[in-house]
Amino acid sequence: MQGNAGHIVARDITVAYGDFVVQRDLDFTVNRGDVFIIMGGSGCGKSTLLKVMIGLKEPAKGDIFYEDVPFWASGEDEREAMKRKFGTLFQSGALWSSMTLAENIGLALKQYTALSDAEIREVVNYKLMLVGLAGFEDYYPNEISGGMKKRAGLARAMALDPEILFFDEPSAGLDPISARLLDDLILELRDSLGTTVVVVTHELASIFAIGNNSVFLDADAKTQLATGDPKELRDSHPNDTVRAFLRRGAPEADAA
Amino acid sequence: MNAALTCTTTPEDSLAVTLTGDWLLDAPLPDIGPVLVRLRESPAPANVCFDASELGDWDTGLVARLVSIRRDAQANNIPVDESGLPDGARQLIALAFAVREREGARRKARDIGFFAGIGEKTQRVAGRSRELLEFVGELMLSFGRLFRGKATYLRSDLVQYIQEAGAEALPIVSLISFLIGMIFAFVGVMQLENFGAGIYTADLVAVAMVREMAPIMTAIIMAGRTGAAYAAQIGTMKVNEEVDALTTLGMDPIDFLVTPRVIALIIMLPMLTLYGSLMGILGGTFVGLSMLDVSIVQYATQTVNSVGLNSLLGGLFKSVVYGSLVAIAGCQQGLACGNSAMAVGESTTRAVVMGIVMIVVSASVLTVIYINLGI
Numbered sequence: 002m003q004g005n006a007g008h009i010v011a012r013d014i015t016v017a018y019g020d021f022v023v024q025r026d027l028d029f030t031v032n033r034g035d036v037f038i039i040m041g042g043s044g045c046g047k048s049t050l051l052k053v054m055i056g057l058k059e060p061a062k063g064d065i066f067y068e069d070v071p072f073w074a075s076g077e078d079e080r081e082a083m084k085r086k087f088g089t090l091f092q093s094g095a096l097w098s099s100m101t102l103a104e105n106i107g108l109a110l111k112q113y114t115a116l117s118d119a120e121i122r123e124v125v126n127y128k129l130m131l132v133g134l135a136g137f138e139d140y141y142p143n144e145i146s147g148g149m150k151k152r153a154g155l156a157r158a159m160a161l162d163p164e165i166l167f168f169d170e171p172s173a174g175l176d177p178i179s180a181r182l183l184d185d186l187i188l189e190l191r192d193s194l195g196t197t198v199v200v201v202t203h204e205l206a207s208i209f210a211i212g213n214n215s216v217f218l219d220a221d222a223k224t225q226l227a228t229g230d231p232k233e234l235r236d237s238h239p240n241d242t243v244r245a246f247l248r249r250g251a252p253e254a255d256a257a
Numbered sequence: 623m624n625a626a627l628t629c630t631t632t633p634e635d636s637l638a639v640t641l642t643g644d645w646l647l648d649a650p651l652p653d654i655g656p657v658l659v660r661l662r663e664s665p666a667p668a669n670v671c672f673d674a675s676e677l678g679d680w681d682t683g684l685v686a687r688l689v690s691i692r693r694d695a696q697a698n699n700i701p702v703d704e705s706g707l708p709d710g711a712r713q714l715i716a717l718a719f720a721v722r723e724r725e726g727a728r729r730k731a732r733d734i735g736f737f738a739g740i741g742e743k744t745q746r747v748a749g750r751s752r753e754l755l756e757f758v759g760e761l762m763l764s765f766g767r768l769f770r771g772k773a774t775y776l777r778s779d780l781v782q783y784i785q786e787a788g789a790e791a792l793p794i795v796s797l798i799s800f801l802i803g804m805i806f807a808f809v810g811v812m813q814l815e816n817f818g819a820g821i822y823t824a825d826l827v828a829v830a831m832v833r834e835m836a837p838i839m840t841a842i843i844m845a846g847r848t849g850a851a852y853a854a855q856i857g858t859m860k861v862n863e864e865v866d867a868l869t870t871l872g873m874d875p876i877d878f879l880v881t882p883r884v885i886a887l888i889i890m891l892p893m894l895t896l897y898g899s900l901m902g903i904l905g906g907t908f909v910g911l912s913m914l915d916v917s918i919v920q921y922a923t924q925t926v927n928s929v930g931l932n933s934l935l936g937g938l939f940k941s942v943v944y945g946s947l948v949a950i951a952g953c954q955q956g957l958a959c960g961n962s963a964m965a966v967g968e969s970t971t972r973a974v975v976m977g978i979v980m981i982v983v984s985a986s987v988l989t990v991i992y993i994n995l996g997i
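Going line by line, the protein sequences match chains F and A.
Residue numbers for the first sequence follow the numbering used here, so the first one is 2 and each next one is one higher.
Residue numbers for the second sequence follow the numbering used here, so the first one is 623 and each next one is one higher.
Rather than coming from a laboratory, the hints here were simulated on the basis of the structure.
Ideal placement from N, C-alpha and C gives every residue a C-beta, glycine not left out.
Relax, there's no trap hidden among the hints.
Some but not every residue of chain A turned toward chain F, in silico, with C-beta under 10 Å:
1) L646
2) L647
3) D648
4) P650
5) D681
6) T682
7) V689
8) A711
9) Q713
10) L717
11) N961
Chain F on its own, in the form it takes in the complex:
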């Protein structure tokens, strides 16, 4: 099944709101098992690119290929089937506020699997254990803290064992230790499940801790400036903007 070209391939993507072009000529490849970082300054279109990848926004030009199958050129039904292999963690969790955590996580299981209620309960319990929220099944989202919402959102994103996990700013709004634990969790999941992970972030600590592949978007050039391992980009990329971003703007002599 595995295509030679990589798990996710973006070809010549242009994203635009009406006439306003956010990013153009995006070309990158995400390999299976990568932790792929979409990075860049604020307002450069990182989250918009993520929306294109998860099927919320149609690109103005180009297409995303999952295992060599074009996403936007496929029919509605095929797209739905492809989306079922995605799991997405939204910026602030986006848990459904009318449902308990158990119902939030169980909804997709109920809809798309033949599991009985007891089995769903078992799977939900396990998913919550994975994110360190065992025992919180019957809480409503507004009864738990922001960090817990994020972890519950991750448990929901993982409900159907997705092949690809998308994260929108996973460490935003988390304290450094929680952010670090979330990073560790992302790596553990990648290692044990073989999940491909796509992360939108501008947290340098996270970028270097988990990323092994990346694309750097620039708001001024309105296109990608670099793609590859973020550590290598920091040390040896010819473009000044990319190096400066990855060194927090510090001059090269100071950087380790």
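Following the hints, position chain A against chain F.
Just chain A now, with coordinates in the frame of chain F:
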């Protein structure tokens, strides 16, 4: 191949669980009951071990089951030997048990008796009424600040609220009032014609519209239209912490958000009512002229003579009362909103229900008062 599970006790008294086939979420999974039963039996097995040499594909379906087995084993102090499991599954199980369950987090189902339930509900109603009274008090203080020129609010906001609660409501008020006028005229013509008093349809429509129907119908329209919008706007602001942001800047949310809305409705509802009365009378005239054998001059004279200044002012006073009730219900529910999307929906619903109930109750009270005063 379908997933299957067998458990046997080895000569060393350990419970050997053999897993075969594909353990995937989208296929039925085998029952782990026998394993759990064995774990609780005495004498308990010395340990649990796994044989996964025949295991095919697996996903969460397998791991969730294994986690259950391990949790039960731990509860019975039976060691679990996971060396026979695939590496990935072992890591996931370790990860699941890495964070201990927080003490006291788990909720027990709350079982309260029938009478305790009634008591709780009653207390909640009492609490709500108290909140409403407090809110009215706050609003009075805010009006005091407004008249002394000490309230902070935006003129442009007030103008916008007036536009939203006034001009933009004209189409729906026209439609409803016109139709209500027609309905009254139909009923009037059918009944009064029997006595040869068809011309009094004009009186019926005019008095009913001006004194009762136009104020009530317009107020109910505005409760559904503007009261609900107020509750949703302020409630969403509460969810987004915008109300807190106002408070921290030293601005009273009531001065800034509530008072201008209340003023807008108090000004606009009487105007809409006046307009609604006119539309209702027009609707009545339309029906009256087409069904009765009267001239337009006769009908108009009859209408003008039937409605005195008292009726008109009485109707307008009612609409001032209704307007303030609708605005109070909307804004109070908005400010009392919880912090979720659900809560916004609940307070919007409550704002409309409360608004309509208060309109109808005060309509009854006012009618009795008017009758006693001879208005």
